[in-house]
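> Residue numbers (this note's numbering), protein chains in the order written: chain A, 5 to 263; chain B, 4 to 333.
Since the hints were derived computationally from the structure, they do not count as laboratory data.
Treat the hints with care, since some could be wrong.
[To be verified] List time: in silico SDA-like cross-link candidates among lysine to any residue, alpha-carbon distance up to 25 Å:
hint, chain 1, residue 1, chain 2, residue 2
1, A, 74, B, 145
2, A, 74, B, 222
3, B, 191, B, 53
4, A, 242, A, 41
5, A, 74, B, 238
6, A, 74, B, 143
7, A, 74, B, 167
8, A, 74, B, 234
9, A, 74, B, 242
10, B, 167, B, 116
11, A, 74, B, 232
12, A, 74, A, 30
13, A, 74, B, 140
14, A, 74, B, 208
15, A, 74, B, 134
16, A, 74, B, 170
17, A, 74, B, 210
18, A, 74, B, 239
19, A, 74, B, 235
20, A, 74, B, 116
21, A, 74, B, 211
22, A, 74, B, 144
[Unchecked claim] A partial selection of chain B residues facing chain A, derived with a Cβ cut-off under 7 Å:
hint, residue
23, 85
24, 208
25, 211
26, 214
27, 218
28, 220
29, 225
30, 227
31, 228
32, 229
33, 231
34, 232
35, 234
36, 276
37, 278
38, 306
Here the structure is a predicted model, which means the values were calculated and not measured.
All C-beta atoms, glycine included, are put in the ideal place defined by N, C-alpha and C.
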Amino acid sequence: MQLVAHDLSIGYRRHLVARDIALTLCAGEVLCLLGPNGAGKTTLFRTLLGLQPPLGGAVLIDDRPLGELKPAEIARAMAYVPQAHVTEFSFTVLDVVLMGRTARLGTFASPGPADERIAREKLAGLGIAELASHDYTRISGGQRQLSLIARALAQETPILVLDEPTASLDFGNQTMVLGRIRELAAAGYGIVLSTHDPDHALLIATRVAIIAEGGLRAIGTPEEVVTADMLSAIYRTKVRVEETETGRRVCVPAWSERS
Amino acid sequence: MTARPVVLILLVVALCVALLLALASGPFPLAVSDVVHALLQDGAPSPGEIVLLRVRLPRVAAAALVGVALAGAGTAYQTLFRNPLVSPDILGVSTGAGLGAVLGILLALPVAGIQALAFLAGLATVVLVYLIAAALRRHERTLVLVLSGVVIGALAGACISLVKILADPYDQLPAITFWLLGSLAGVKIGDLALVAPLVLAGLVPLVLLRWRIGVLALGDDEARSLGIDVARLRAVVILAATLMTATVVAVSGVIGWVGLMIPHIARMMVGPSFGRLLPAAMLLGASFMLLVDLLARSLARVETPLGILTAVLGAPFFLWLLARDRGSWA
Numbered sequence: 005m006q007l008v009a010h011d012l013s014i015g016y017r018r019h020l021v022a023r024d025i026a027l028t029l030c031a032g033e034v035l036c037l038l039g040p041n042g043a044g045k046t047t048l049f050r051t052l053l054g055l056q057p058p059l060g061g062a063v064l065i066d067d068r069p070l071g072e073l074k075p076a077e078i079a080r081a082m083a084y085v086p087q088a089h090v091t092e093f094s095f096t097v098l099d100v101v102l103m104g105r106t107a108r109l110g111t112f113a114s115p116g117p118a119d120e121r122i123a124r125e126k127l128a129g130l131g132i133a134e135l136a137s138h139d140y141t142r143i144s145g146g147q148r149q150l151s152l153i154a155r156a157l158a159q160e161t162p163i164l165v166l167d168e169p170t171a172s173l174d175f176g177n178q179t180m181v182l183g184r185i186r187e188l189a190a191a192g193y194g195i196v197l198s199t200h201d202p203d204h205a206l207l208i209a210t211r212v213a214i215i216a217e218g219g220l221r222a223i224g225t226p227e228e229v230v231t232a233d234m235l236s237a238i239y240r241t242k243v244r245v246e247e248t249e250t251g252r253r254v255c256v257p258a259w260s261e262r263s
Numbered sequence: 004m005t006a007r008p009v010v011l012i013l014l015v016v017a018l019c020v021a022l023l024l025a026l027a028s029g030p031f032p033l034a035v036s037d038v039v040h041a042l043l044q045d046g047a048p049s050p051g052e053i054v055l056l057r058v059r060l061p062r063v064a065a066a067a068l069v070g071v072a073l074a075g076a077g078t079a080y081q082t083l084f085r086n087p088l089v090s091p092d093i094l095g096v097s098t099g100a101g102l103g104a105v106l107g108i109l110l111a112l113p114v115a116g117i118q119a120l121a122f123l124a125g126l127a128t129v130v131l132v133y134l135i136a137a138a139l140r141r142h143e144r145t146l147v148l149v150l151s152g153v154v155i156g157a158l159a160g161a162c163i164s165l166v167k168i169l170a171d172p173y174d175q176l177p178a179i180t181f182w183l184l185g186s187l188a189g190v191k192i193g194d195l196a197l198v199a200p201l202v203l204a205g206l207v208p209l210v211l212l213r214w215r216i217g218v219l220a221l222g223d224d225e226a227r228s229l230g231i232d233v234a235r236l237r238a239v240v241i242l243a244a245t246l247m248t249a250t251v252v253a254v255s256g257v258i259g260w261v262g263l264m265i266p267h268i269a270r271m272m273v274g275p276s277f278g279r280l281l282p283a284a285m286l287l288g289a290s291f292m293l294l295v296d297l298l299a300r301s302l303a304r305v306e307t308p309l310g311i312l313t314a315v316l317g318a319p320f321f322l323w324l325l326a327r328d329r330g331s332w333a
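Just chain A, with the same shape it has in the complex (with noise of 0.2 Å):
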């Protein structure tokens, strides 16, 4: 399964947002998503999930048009892992979890035992089997996160799309959730996920893409394309990156320092 957009044009009705992005995701690829505040990474979300049409160009899986789909039939072909929000309603983990069965249940039907199943299995596959019978909105930021994750788990996509999975996260659960989405990766799932810290992209991406000044500023390995020229001029602030002892590189403000 291959999700790809071409000369795609983002934005809402008479605000062109961003132009000429052309992406393309494969299994078993983390497609990080780096772009300063309002450059149209939400916007970019939206229209890669269906949940907005494009402007111009297309969004294809496995060369459909996402305008040609069903919702059931995206919802089957990849799942989209929103922040970790607390809902309205007091909804117990499994819950949550089993929703992510709607797209391969009959239009009358409800999730029987099998669902449920595959739930609590996607569950203990992200070590939270313990929380399924707590209330949603009661546990933590981090756990919240594990569980939409193992919401679009139990979609079985062979793509997953996560926007900001670690905001609001502390660095502990930040970690965490990285490792995992890793591991996701490493299982064969084709993931996009976006990101303000761009240490994550180089922690876990495969491809990096940035989105700033109403386009696809660049697309390529992490190598390339996380840079400290490209993060100084997107971030509009003077960035380094620096190579750790172990050969990691890492990304530091580069404040006039006194030293």
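Go by the hints and put chain B onto chain A.
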């Protein structure tokens, strides 16, 4: 999870008790055993039983139907709009129906004409709200719907006030006031033949689509990304809930609080999952309306309007709900 079927069974039992109680009580009290006897007997019942069951049974059945419809519609709307403070008249159905009925009274139409006008005006109001929201084509569809409902509802409310000023203060105005507060006193067996199928027509899609409607509680984007055609499902839910509400408002007048309060209590009992919540709310709504109607006809020699009773019960309930220190709604 295993506790849930028990809760449902208890609610069924409670409904049966409420039914028998409502049938037995009244100005001509019957023993519960006599009621059961009269209901089950094939042979010729005593003349007293015939009259009582003919007079009382339609009213009792109407009360149960009104409860089922308002609680069911309220549950669907609270889930659809992801807001526990939403009631079946959020899109203006009750105010619209009220305006229709009030106009009917002003025009001195017969009861059936008033009911028909109320029903049609209720439906028309929601259709208008829906079309306005669709025409605005804003990003936040749900919010636009609710706001359009508030606007049109306020407009219809103003029109009701205007009609009240124009109405004859000795004859029509009391009738209008009484209608707007809700009553089941005038329900005939013939009304039921119309109301029951229409309420059922609204309920069936809600019951059949219960899983998908529950998923709508996650919000439009997530529901769509989970494979639901949100625009279509939302239209079906609004149509079904409006049909039920407009139908019962047309026979019973405006009865507030039921559609707001009952889904809450049901949610406390069985949790927010729509598939379990809907039947629980319907059973509870029926029992509640039976008891409220029983109160209405036994508190004083003059019938107490149902809307007053539900408000007197509903307001303290909501204050209690607010006082409970919880992060989320049941």
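> Against this structure, judge whether each hint is valid.
Comparing the hints with the structure gives:
no.: 1; hint: A/74 x B/145; verdict: 21 Å, holds
no.: 2; hint: A/74 x B/222; verdict: 18 Å, holds
no.: 3; hint: B/191 x B/53; verdict: 15 Å, holds
no.: 4; hint: A/242 x A/41; verdict: 17 Å, holds
no.: 5; hint: A/74 x B/238; verdict: 17 Å, holds
no.: 6; hint: A/74 x B/143; verdict: 21 Å, holds
no.: 7; hint: A/74 x B/167; verdict: 50 Å, violated
no.: 8; hint: A/74 x B/234; verdict: 12 Å, holds
no.: 9; hint: A/74 x B/242; verdict: 22 Å, holds
no.: 10; hint: B/167 x B/116; verdict: 19 Å, holds
no.: 11; hint: A/74 x B/232; verdict: 8 Å, holds
no.: 12; hint: A/74 x A/30; verdict: 22 Å, holds
no.: 13; hint: A/74 x B/140; verdict: 21 Å, holds
no.: 14; hint: A/74 x B/208; verdict: 21 Å, holds
no.: 15; hint: A/74 x B/134; verdict: 24 Å, holds
no.: 16; hint: A/74 x B/170; verdict: 53 Å, violated
no.: 17; hint: A/74 x B/210; verdict: 23 Å, holds
no.: 18; hint: A/74 x B/239; verdict: 18 Å, holds
no.: 19; hint: A/74 x B/235; verdict: 12 Å, holds
no.: 20; hint: A/74 x B/116; verdict: 44 Å, violated
no.: 21; hint: A/74 x B/211; verdict: 21 Å, holds
no.: 22; hint: A/74 x B/144; verdict: 20 Å, holds
no.: 23; hint: 85; verdict: 5 Å, holds
no.: 24; hint: 208; verdict: 10 Å, violated
no.: 25; hint: 211; verdict: 5 Å, holds
no.: 26; hint: 214; verdict: 4 Å, holds
no.: 27; hint: 218; verdict: 5 Å, holds
no.: 28; hint: 220; verdict: 6 Å, holds
no.: 29; hint: 225; verdict: 6 Å, holds
no.: 30; hint: 227; verdict: 5 Å, holds
no.: 31; hint: 228; verdict: 4 Å, holds
no.: 32; hint: 229; verdict: 5 Å, holds
no.: 33; hint: 231; verdict: 6 Å, holds
no.: 34; hint: 232; verdict: 5 Å, holds
no.: 35; hint: 234; verdict: 10 Å, violated
no.: 36; hint: 276; verdict: 5 Å, holds
no.: 37; hint: 278; verdict: 5 Å, holds
no.: 38; hint: 306; verdict: 37 Å, violated
Hint violations for this structure: numbers 7, 16, 20, 24, 35 and 38, all remaining hints satisfied.
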